[in-house]
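Participant: Residue numbers (our numbering), protein chains in the order written: chain B, 1 to 147; chain U, 1 to 147; chain H, 1 to 147; chain S, 1 to 147; chain E, 1 to 147; chain Y, 1 to 147; chain L, 1 to 147; chain C, 1 to 147; chain F, 1 to 147; chain A, 1 to 147.
Please keep in mind that the hints were generated in silico from the structure rather than gathered at the bench. Take the hints with a grain of salt, since some may be wrong.
Distance condition first, Cα-Cα at most 20 angstroms in a straight line; then the derived SDA-like pairs of lysine to any residue [stated by the list, open to error]:
hint, chain 1, residue 1, chain 2, residue 2
1, F, 145, C, 48
2, A, 146, B, 22
3, U, 9, A, 3
This one's a predicted model, so the numbers in the text were calculated from it and none came from an experiment.
So the chains spell out like this:
Protein chains: 10
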Amino acid sequence: MMRTDATHKLLERKRERGLTFEAIAKALGRHKVWVTAAIMGQATMSAEEAQKTVAFLGLGADVAAALQEIPSKGSVGQTVPVDPLIYRFHEITQVYGTTIKAIIHEMFGDGIMSAIDFELDIQKKEDPKGDRVVITMNGKFLPYKKW
Amino acid sequence: MMRTDATHKLLERKRERGLTFEAIAKALGRHKVWVTAAIMGQATMSAEEAQKTVAFLGLGADVAAALQEIPSKGSVGQTVPVDPLIYRFHEITQVYGTTIKAIIHEMFGDGIMSAIDFELDIQKKEDPKGDRVVITMNGKFLPYKKW
Amino acid sequence: MMRTDATHKLLERKRERGLTFEAIAKALGRHKVWVTAAIMGQATMSAEEAQKTVAFLGLGADVAAALQEIPSKGSVGQTVPVDPLIYRFHEITQVYGTTIKAIIHEMFGDGIMSAIDFELDIQKKEDPKGDRVVITMNGKFLPYKKW
Amino acid sequence: MMRTDATHKLLERKRERGLTFEAIAKALGRHKVWVTAAIMGQATMSAEEAQKTVAFLGLGADVAAALQEIPSKGSVGQTVPVDPLIYRFHEITQVYGTTIKAIIHEMFGDGIMSAIDFELDIQKKEDPKGDRVVITMNGKFLPYKKW
Amino acid sequence: MMRTDATHKLLERKRERGLTFEAIAKALGRHKVWVTAAIMGQATMSAEEAQKTVAFLGLGADVAAALQEIPSKGSVGQTVPVDPLIYRFHEITQVYGTTIKAIIHEMFGDGIMSAIDFELDIQKKEDPKGDRVVITMNGKFLPYKKW
Amino acid sequence: MMRTDATHKLLERKRERGLTFEAIAKALGRHKVWVTAAIMGQATMSAEEAQKTVAFLGLGADVAAALQEIPSKGSVGQTVPVDPLIYRFHEITQVYGTTIKAIIHEMFGDGIMSAIDFELDIQKKEDPKGDRVVITMNGKFLPYKKW
Amino acid sequence: MMRTDATHKLLERKRERGLTFEAIAKALGRHKVWVTAAIMGQATMSAEEAQKTVAFLGLGADVAAALQEIPSKGSVGQTVPVDPLIYRFHEITQVYGTTIKAIIHEMFGDGIMSAIDFELDIQKKEDPKGDRVVITMNGKFLPYKKW
Amino acid sequence: MMRTDATHKLLERKRERGLTFEAIAKALGRHKVWVTAAIMGQATMSAEEAQKTVAFLGLGADVAAALQEIPSKGSVGQTVPVDPLIYRFHEITQVYGTTIKAIIHEMFGDGIMSAIDFELDIQKKEDPKGDRVVITMNGKFLPYKKW
Amino acid sequence: MMRTDATHKLLERKRERGLTFEAIAKALGRHKVWVTAAIMGQATMSAEEAQKTVAFLGLGADVAAALQEIPSKGSVGQTVPVDPLIYRFHEITQVYGTTIKAIIHEMFGDGIMSAIDFELDIQKKEDPKGDRVVITMNGKFLPYKKW
Amino acid sequence: MMRTDATHKLLERKRERGLTFEAIAKALGRHKVWVTAAIMGQATMSAEEAQKTVAFLGLGADVAAALQEIPSKGSVGQTVPVDPLIYRFHEITQVYGTTIKAIIHEMFGDGIMSAIDFELDIQKKEDPKGDRVVITMNGKFLPYKKW
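Generate the whole structure from the sequences, applying the supplied hints.
Facilitator: What follows is the structure, given as structure tokens:
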């Protein structure tokens, strides 16, 4: 079974059962962002995690096998995303990219924030003027090696 | 004076005086990320803010005027950034874009996180296994209007 | 059912029954532009709206379910549209983009017109020299936040 | 004098004198959107209009000559605009393009809205929940010719 | 029936019956270029035209219905055409584009040649040194509106 | 002297003297489209033609030399032209490309219309409903060689 | 039958029978490069040539019909070819393009080498230091027409 | 001195002295295609070759030094060349690319024709029906290594 | 059988049997990188190698035939790879490309490292601070030929 | 001083003095690949390293300051490099990308080879059949974090 077929099956079943990503994540004992990424084909589950996921959703061993395959990552399918929600993150990179670079270099020296040793959290902050999305990225600083 | 010339002058002077963005931000009484963005030509200062900035750095009225011009935004100059630090943010959008979309829709319904009514913070979290970059994005949720 | 399949089914049925978007919109009690956008897979219906739509067109619950899914937006499928009608809007952005930017900044300061808290209307204005298309875009002004 | 040099000179002088596009438009007796487009190098002035413009701004005959040259149009310089304000119009074309096409065809038949026999207006609509930008596009419907 | 399927069916039947576009056009009483464009999915037939076309070719009502649908135009499917015959027209635009612009502006002022109120004719001019293709484009001049 | 500098000088002088391309062409005894193409850097003049051109416009031997250089052709500088007048020709290729291909093949067999052994004419056809631009392309048919 | 299907069938049969392009070309009495191009969907066979080809390979009349259709040419499917063998020809154009242009203009004047009235030959030249591929392109020089 | 400046100087001097590439090549004792490539900044001269070149053209030691620098190769500056002469070579790759690949593999097995251990020759073949350009590419066959 | 179908079958069977590329390579008596490349459709097996491969994996003669076909190479399917692991190699080319060029030219003169007469090895180097990937590329230096 | 100006000055001086990158690296006590990368503007020197570099080359403090600035990395300036030496590395990524991904995942699990905690070495291996370039990349394996 192809990874994209597994994603389709997982999302379809989730819809049929009226489940949330949060509920699946709770059943699995992992953060909902990571679990969603794994379902979307962007992260790799252990055998046990895959087993729990398909058990919870009532899916078969082929889906569990697919979830353990290391996927070819990249979920958006366009260089510049067209979907407005996803585009805003492209815009943040375009507008604030040099600012983030300047600040990280000032604070840490030459290097990057890892997107691999990396966690992503999304929270809702209620606000009478309109609720706010709070996204936290936490990535290891990797200094450039000299040799 | 063109906005890019003002940016060059500001960065040159900052370097000559051995200043940090943090120091400039403190003198100005604003967050260092926003101040850096303004210096990079991505945000607009008020007359008072521009005045304080050039006074602190010992620059002229022409730079202050440029800082009050609403800039044509976009700092990266490439659709897919080549600089490794900035590229990682492009990668995060490519890999986690559909995940972020799914989670925000699950938490908030149809709409987006604003990149305008938006704040960005960058912190260093010390860690014996390697310090971590913690980036917090805080944007108003804008629900799609129906009509 | 995929969102694009639902769009195909809806358009096919509309054609078979010789209906207009306006008639569907009237049955639904919403503006015809918004209803067309929802049918085209660019907006999300409530359960009640989806129910009314499929009842009016004689379609099934699977189409209604699809209409309530938050879609991955973007209808054109090309960066520069080739269809002449759609291209003219690309041309307007290319030719008048800096003009619109200058005027909005003069009238409102630094910020943008929202494309989310946003309405679009299309009217016909009869004219003996050739009828005219009148498009009105009404979007909330979002000032850039400082922090 | 190149058209882009004339644009630079006009904008510089406008800034020095603290003028608005509206004030220049009033002096010229034309709509401020069209006058801004002409200054931005996207429309062509008559000799009289160019004369009035340079007289009002205290500029020379070379600028007046440039304003009468038919320009090579296109102000944005990127296929997908990066500036957030201009991008939102690209997004509207991407998201609502097929909707606008469907509605115009339903109302007018096969053809397009002209971007040449075309007017553009920008208004501010005050609103306690946040002022709104109202943009009106008024273009002649051009039916496809059969032969 | 999708428009592209109708095109396939029409071309297949034309081939089977050994017909020319000219013969179909004659049966329909319209110019062969326009009729070919309609078959290729680039123009819209009236009910009567579609009826005559399918009757002449012995095809069904579903093809006739498709021919009356206003198509999403654009036949080439590549920004820079690779087919050598079609590429030559791209080359003419690239090489002679600024020349055509200069001459039309000299003869007509600021405006464009319409590609909508537009006719295209293709003739063979016999020549002992090699026959010549003579293409005539006839489009309404549309002057830019001022407002 | 670079070819683009020669083009600039020629256009500047033409403007200063209030000349038309037609007048220059008449002085040279060649068609105005070809002469404009040569001035725009898309065709090569003989020594005599270049001499006559600079003599008529009062320019120097360096311009005459540049006009005799075989240029690197391509006047538009963008794959998809943004200028609305030039774009319409791109649109014609996109919309009518497969139609033109089908008709030329039906009339001539496999081969192309040359864009080298090629002439281009532009005429104004007066019309009370709006003057029309009539463009005639006349290119040798080149049959594909078999071997 | 689509042209690409015919190509698939022809290549499959060739493989099954262990034939070479050279053998097919010999049976057909034409050069192996041209015959391969026709099989690859880049050239058009006469009825007799198509007949001989399918007879030799034991294929049906539908393949013969497809071989007589004038194809939409372009075999590579990428602007910059990724296959290393094909890429080397792209590289030759990129590296030696201006050299070839300079030499052809020096030898022939302004014009091009035709890619239509054109033959291509490929030979093996044995060499103890490694055999060599010798490709000969033979195209008619087409001088730019003046008018 | 930058390599591009050296190219400019060499071409300018060649023009002033009315020399051909062939004459320069003769003075140098090398093939005119290679010498032109070196002048165009696509090949590297030895000290002696560079010396002879500048002596023949009356240029200085800085040009000779530049000719000995290994250049960053690539002369065309566009992925798809716009100049019609150079484009025809791109077209040959696009149309005949898979044919050339099939024939070379049939004759030599898996591997490529080197574009490095490679010679290029351009000849004129006189023909009463129009002279022909004959280009010969001679590159070492490099078989793919297995390991 | 298409090459991509063979790749799918091979990978599926490998997964079902829980085999590693290393195990397949051992059975075949070749290096695991080369064997993986052949399975991925980037290298060509001899009849004997293909036979051994399908025998080891229990697949049919059609897969063996496909493995002997010379493939159209290029495995990534995107100009800029999105998968983070593959992207890092693109990044290395972008960041260190000019450095590698300068060093190879300093050590070897004008020429390239062959990617055809080329071997690739991947090793794991254990390290308490985190294991390291060691990739060795070994390609023949090909000096540019002069002629 | 801009980083690119420093690079120009450093390369010019190196040329004038007939130095190699190896000699500069020796003076500096660092690996020649890293030193070349720093000179090319892709790595950041410490104050002491920059000091030694300019002292060795007889350049000023402004160059030393530039060498300590963290650069905006990316040396190639094109998505697909045109220079044949650099292109071969792009080709290796395109052809062997999925192979490298499969092998690294088999050996290490899900994660990437770092291009930051990374060393690059280039050696010459003499060989009577032609010397070989041996490139070794040594990067830390970074496993994907789960959370």
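Participant: The structure should be examined with respect to each hint, and the outcome stated for every one.
Facilitator: Hint-by-hint comparison with the structure:
1. Straight-line distance between C-alpha atoms of residue 145/F and residue 48/C comes to about 17 angstroms, which keeps the hinted pair within the 20 angstroms bound.
2. For the hint pairing residue 146/A with residue 22/B, the CA-to-CA distance comes to about 16 angstroms; that is within 20 angstroms, so the pair holds.
3. For the hint pairing residue 9/U with residue 3/A, the CA-to-CA distance comes to about 15 angstroms; that is within 20 angstroms, so the pair holds.
In summary, this structure violates none of the numbered hints.
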